[in-house]
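Participant: Listed below are the residues making up each chain.
There are 2 protein chains.
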Amino acid sequence: MEQSQQKGRASIAPAQPVYVKSAATVVGKMEGEGPLAEHFDMICDTDKFGEDTWEAAESRMQKEAAALALGKASLGASDIRYIFAGDLLGQNIATSFGLMDYEIPLFGLYGACSTLGEGMSLAAMCLAGGFAERAMVVTSSHFASAEKNFRFPVEYANQRPLSATWTVTGSGAYILGTERSQVKITGVTTGKIMDYGIRDAQNMGAAMAPAAMDLIRTHLSDFSRKPADYDKIVTGDLGTVGQELLIKLLQEEGIDISDRHEDCGMKIFDSEEQGTQAGGSGCGCSAVTLAAWYLPRLISGEYQRILFVPTGALLSQVSFNEGQNVPGIAHGIVFEHVGEEG
Amino acid sequence: MEQSQQKGRASIAPAQPVYVKSAATVVGKMEGEGPLAEHFDMICDTDKFGEDTWEAAESRMQKEAAALALGKASLGASDIRYIFAGDLLGQNIATSFGLMDYEIPLFGLYGACSTLGEGMSLAAMCLAGGFAERAMVVTSSHFASAEKNFRFPVEYANQRPLSATWTVTGSGAYILGTERSQVKITGVTTGKIMDYGIRDAQNMGAAMAPAAMDLIRTHLSDFSRKPADYDKIVTGDLGTVGQELLIKLLQEEGIDISDRHEDCGMKIFDSEEQGTQAGGSGCGCSAVTLAAWYLPRLISGEYQRILFVPTGALLSQVSFNEGQNVPGIAHGIVFEHVGEEG
Chain A
1 MEQSQQKGRA
11 SIAPAQPVYV
21 KSAATVVGKM
31 EGEGPLAEHF
41 DMICDTDKFG
51 EDTWEAAESR
61 MQKEAAALAL
71 GKASLGASDI
81 RYIFAGDLLG
91 QNIATSFGLM
101 DYEIPLFGLY
111 GACSTLGEGM
121 SLAAMCLAGG
131 FAERAMVVTS
141 SHFASAEKNF
151 RFPVEYANQR
161 PLSATWTVTG
171 SGAYILGTER
181 SQVKITGVTT
191 GKIMDYGIRD
201 AQNMGAAMAP
211 AAMDLIRTHL
221 SDFSRKPADY
231 DKIVTGDLGT
241 VGQELLIKLL
251 QEEGIDISDR
261 HEDCGMKIFD
271 SEEQGTQAGG
281 SGCGCSAVTL
291 AAWYLPRLIS
301 GEYQRILFVP
311 TGALLSQVSF
321 NEGQNVPGIA
331 HGIVFEHVGE
341 EG
Chain B
1 MEQSQQKGRA
11 SIAPAQPVYV
21 KSAATVVGKM
31 EGEGPLAEHF
41 DMICDTDKFG
51 EDTWEAAESR
61 MQKEAAALAL
71 GKASLGASDI
81 RYIFAGDLLG
91 QNIATSFGLM
101 DYEIPLFGLY
111 GACSTLGEGM
121 SLAAMCLAGG
131 FAERAMVVTS
141 SHFASAEKNF
151 RFPVEYANQR
161 PLSATWTVTG
171 SGAYILGTER
181 SQVKITGVTT
191 GKIMDYGIRD
201 AQNMGAAMAP
211 AAMDLIRTHL
221 SDFSRKPADY
231 DKIVTGDLGT
241 VGQELLIKLL
251 QEEGIDISDR
261 HEDCGMKIFD
271 SEEQGTQAGG
281 SGCGCSAVTL
291 AAWYLPRLIS
301 GEYQRILFVP
311 TGALLSQVSF
321 NEGQNVPGIA
331 HGIVFEHVGE
341 EG
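So the sequences go chain by chain: A and B. If you read the first sequence in the numbering used here, its first letter stands for residue 1, the second for the next number, and so on. If you read the second sequence in the numbering used here, its first letter stands for residue 1, the second for the next number, and so on.
Possibly wrong hints are sitting among the right ones.
Put simply, identical chains are the same to the list, so a pair is met inside one copy or across any two.
[Said to hold, decoys possible] Pairs of lysine to aspartate or glutamate residues, derived as EDC-like cross-links and limited to a Cα-Cα distance of at most 20 angstroms, are as follows:
#	residue 1	residue 2
1	48	272
2	48	322
3	226	38
4	29	52
5	184	229
6	7	133
7	7	79
8	232	256
9	7	103
10	148	322
11	29	272
12	29	147
What the hints contain is simulated information worked out from the structure, not anything from laboratory work. Please read all numbers here as calculations on a predicted model, not as lab measurements.
So here's chain A without its partners, still in its complex pose (with noise of 0.2 angstroms):
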């Protein structure tokens, strides 16, 4: 097996091409009055998603994401051989409920919000190694169900600070493969956890920041590569608050992304109209908005080459109530328009 796949310290160069075959989108109301609102491929105008609860809300979600993502592929589950998924709920039940009528040989994932990245990071490995020639990546969040388990009941009506993010209520599937499409994966950066004592589950954006800063200098300094070298460097829900840390913190480091920089907590909300604070978050906000807004741009060749880094808080009701941190944790994919030579 060639070694040149690994590169550097945490990163890997797929030898085998690893494609973007298809993607669909499903969110609830307020995405869908949002700024991307005719980029989704699914509005529900309740976000009940025609269920009894917020989690088998997630589940449908889940469930009609994949049926769109393969519909756009014209595959049936029979033809993906592994799904790679997870939310934020504990013991990821939104995907075992949503997911288990597919029948698909599954791999259960937990990275906060950075699932969407860890997913696709372990579906290139698997299709580049050759143990598969397609594989599903699905991952999604809801506003209810993850305030209930997060933060505090939606009934209870907490305030929000100005540096809370809202979680996004959508799902994301994505199928890879190795059938040659018009955007490919190129390279793949793991994330390790990061702790700067952040507290507050308040205010995600901080807590996620450090790990975005050291995943991003990692993936610069493994591919030898710099900021320019990107289109964009997209983080996945940092908000507002998060993006004036990472930027500062990479400063810090030598690395200037500030002219190339966005975020997907801050490209899915109108925040001052939508009144969503900081910015959306949540596993959905960068699965949906990768595909709806990213994806189109990178098979177009308007960007050649992104990277992809969506971002994750470490924390359940659990550990927070016990005065633990809030660590963060990103992973890091590259995306890259496919051209005429290949």
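Go by the hints and put chain B onto chain A.
Facilitator: Same frame as chain A, now just chain B:
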């Protein structure tokens, strides 16, 4: 890449060998009084492991198990390229806080009690695919943190039915690598979620048996093998109730494993002496039993080949309270003794 690495519908047989370099176990008091006592590396005589909370105690077990596995392999943290790890708690907090200090790129997993199998499957793909030379797989469970998370607070002194299993307090850490050792992984079969309509969170064995049945059936078919090709077929934590059901379900499929089936949950405790009802369970159960009991027998050659099938029950406090079923999942790993010839 060799297509031959893929076997049948849901299995792989890595073309590049993947070896078990070392394994280590840390367990609680009750496990240290059971039949496998002398085979564990570390037994804590309180279950707090010097920490203030059950969750921190579980994190501490992971940290110690990882340190022991590194020590046994004469390696440092920087020699490990990736960790694949998970636990039973909401948002994987035992893992996040337990393994953070090693600063190793991390893939967080959730497969309930099947997580060790899931982690080994992904680590095997990663190593066989040429993406790393060494990876660590770690899982844990803790009786007190699990009861609190899934059932009732321990202080509530809820009565336990005979079908109940006893969550093992323990963590197992494994270092897998591409360097030759005495035990290798020669096959992986990935499970899908199976829902047989079980709704009893005190009868995990029945919830997981169908998933184990499906996994074993698929595995034997994918590899064109019969039960006699294995010295042992070892499930994770079905316990007595689940074992009976598994053997029956497989007999209906024309597969008889009754003379070679063993269950880690039945191996770890003396149920009559220790009052553990149907047996042990939890991600820690199969993780410590594999390392303490089966691995030494694979190293010595007493067992030439075993199929190891950790089993998981997919539920959360929320899904249970909302009246959802408890579906199951299982993952299969083939371990073989490495003889003179390789």
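Participant: Between the shortest in-copy and the shortest cross-copy C-alpha distance, which are at most 20 angstroms for residue 7 and residue 103: within, between, both, or neither?
Facilitator: between (35 angstroms within a copy, 18 angstroms between copies)
Participant: Please work out whether the CA atoms of residue 148 and residue 322 approach to 20 angstroms or closer within one copy, between two copies, in both situations, or in neither?
Facilitator: For residue 148 and residue 322, the Cα distance is within 20 angstroms both inside one copy (17 angstroms) and across copies (14 angstroms).
Participant: One pair to classify: residue 7 and residue 133, alpha carbons no more than 20 angstroms apart. Within, between, both, or neither?
Facilitator: Between copies, since 13 angstroms is at most 20 angstroms while 23 angstroms is not.
Participant: Can you give me the call for residue 184 and residue 229, within, between, both or neither, at a CA distance of at most 20 angstroms?
Facilitator: within (16 angstroms within a copy, 41 angstroms between copies)
Participant: At most 20 angstroms between C-alpha atoms: does residue 29 with residue 147 qualify within a copy, between copies, both, or neither?
Facilitator: within (17 angstroms within a copy, 37 angstroms between copies)
Participant: Within, between, both or neither: how does the pair residue 226, residue 38 come out at a Cα-Cα threshold of 20 angstroms?
Facilitator: Neither, since 33 angstroms and 54 angstroms both go past 20 angstroms.
Participant: Have a look at residue 48 and residue 322 and pick one of within, between, both or neither, based on CA distance no larger than 20 angstroms.
Facilitator: Between. Shortest inter-copy distance 15 angstroms satisfies the 20 angstroms Cα cut-off; intra-copy 32 angstroms does not.
Participant: How would you classify residue 7 and residue 79 at a CA-CA limit of 20 angstroms: within, between, both, or neither?
Facilitator: between (31 angstroms within a copy, 15 angstroms between copies)
Participant: Classify it for me, residue 48 with residue 272: is the Cα-Cα distance of at most 20 angstroms met within a copy, between copies, both or neither?
Facilitator: Intra 25 angstroms, inter 48 angstroms, cutoff 20 angstroms: neither.
Participant: Taking 20 angstroms as the upper bound on the Cα-Cα distance, should residue 29 and residue 272 be classified as within, between, both, or neither?
Facilitator: within (17 angstroms within a copy, 56 angstroms between copies)
Participant: First find the shortest C-alpha distance between residue 29 and residue 52 inside one copy, then the shortest across copies, and answer within, between, both or neither for a cut-off of 20 angstroms.
Facilitator: Answer is within: at 17 angstroms inside a copy they meet the 20 angstroms cutoff, but 43 angstroms across does not.
Participant: When no copy is specified for residue 232 and residue 256, does a C-alpha distance of 20 angstroms or less occur within a copy, between copies, both, or neither?
Facilitator: This pair counts as within: shortest intra-copy Cα distance 12 angstroms, inter-copy 57 angstroms.
Checked against the numbered hints above, the structure violates hints 1, 3; every other hint is satisfied.
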